[in-house]
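> Sequence:
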Amino acid sequence: MKPQEASQCCGPIDDLLDAELFKALGEPTRLKLLSCLAKCGRACSVTELTECCVVDFSVVSRHLGVLEKAGVVTATKQGRTVFYEVRYKHLTVAFRSLAKAVEGCRPKRGAAKASL
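Per full-length UniProt numbering, the very first residue in the sequence shown carries number 1; after that it's consecutive.
Quick caveat, the hints were computed from the structure, so don't treat them as lab data.
Where is the CB? At the ideal position from N, CA and C, for every residue including glycine.
Accuracy of the hints is not assured; some may be wrong.
Said to hold, decoys possible - Listed below are the simulated PhoX-like cross-link pairs for lysine-lysine, each with C-alpha atoms no more than 25 Å apart in a straight line:
1) K32 <-> K77
2) K32 <-> K108
3) K89 <-> K108
To be verified - Pair by pair, the computed Cβ-Cβ distance ranges are:
4) T81 <-> T29: 12 to 22 Å
5) D14 <-> R62: 56 to 66 Å
6) E20 <-> V102: 26 to 36 Å
7) T81 <-> S35: 15 to 25 Å
8) K69 <-> D15: 16 to 26 Å
9) T47 <-> K23: 19 to 29 Å
10) T29 <-> K89: 21 to 31 Å
11) Y88 <-> D14: 23 to 33 Å
12) A101 <-> T76: 25 to 35 Å
13) S61 <-> L16: 39 to 49 Å
14) V59 <-> R109: 44 to 54 Å
15) G11 <-> R42: 18 to 28 Å
16) T29 <-> R106: 15 to 25 Å
17) Q78 <-> C36: 18 to 28 Å
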């Protein structure tokens with residue numbers, strides 16, 4: 001199949017390639033925050049998470065907002081403090097589904113040679 005033909009047909013991969021998710025994960029500080037939060041295994045405040053990075057509180061807060069908007073973390077406010085937690089199940093399902101869709105696009109063994 002040619003790229004132009006492929007772009008016209010729909011498959012599961014089209015719905016699973018979420019630009020907002022990849023944009024959120026495509027920034028090093030956000031990845032560092034997600035890694036730190038995931039390894040903590042619990043909800044953490046912005047103040048706690050600021051200790052993971054070399055950027056100030058307001059920047060960490062903005063990055064966490066992007067991750068929340070993309071569905072990577074949830075935010076819960078307790079008084080004046082906001083706690084963030086990884087959406088483990090959501091991320092696992094999203095990445096497993098995407099991996100399965102990518103695998104489904106892979107040419108069958110020998111199919112590429114046969115089409116030449």
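> Now tell me, hint by hint, if it's right for this structure.
The hints, checked one at a time:
Between K32 and K77, the direct Cα distance comes to roughly 22 Å. Compliance with the 25 Å bound is thereby established for this hinted pair. The straight-line distance between the Cα atoms of K32 and K108 is roughly 37 Å, outside the 25 Å bound, and the hint therefore fails. Note on K89 and K108: the hinted pairing is violated, with a Cα-Cα distance of about 31 Å set against a maximum of 25 Å. A hinted range of 12 to 22 Å for the beta carbons of T81 and T29 is consistent with their spacing of about 21 Å.
Distance hint check for D14 and R62: the Cβ-Cβ separation is about 30 Å, which falls outside the suggested range of 56 to 66 Å. At roughly 19 Å, the beta-carbon separation of E20 and V102 lies outside the given 26 to 36 Å, and the hint is violated. Our hint of 15 to 25 Å for T81 and S35 holds, since their Cβ atoms are close to 22 Å apart. As the Cβ distance of K69 to D15 is approximately 19 Å, the hint placing it in 16 to 26 Å holds.
Taken as a hint, the range 19 to 29 Å holds for the pair T47 and K23, whose Cβ atoms sit roughly 26 Å apart. Remark: the range hint 21 to 31 Å for T29 to K89 is upheld by a beta-carbon distance near 24 Å. At about 25 Å, the beta-carbon gap between Y88 and D14 stays in the expected band of 23 to 33 Å. Evaluation of the 25 to 35 Å hint for A101 and T76 yields a pass: the beta carbon distance comes to about 32 Å.
For S61 and L16, the Cβ-Cβ distance of about 29 Å falls outside the hinted range of 39 to 49 Å, so the restraint is violated. Between V59 and R109 the beta carbons are some 48 Å apart, a value that agrees with the proposed interval 44 to 54 Å. Take G11 and R42: their Cβ atoms lie about 38 Å apart, and the range 18 to 28 Å is violated. Distance hint check: the CB atoms of T29 and R106 are about 33 Å apart, inconsistent with the given range 15 to 25 Å.
The hinted range of 18 to 28 Å is satisfied by Q78 and C36, whose Cβ atoms lie roughly 20 Å apart.
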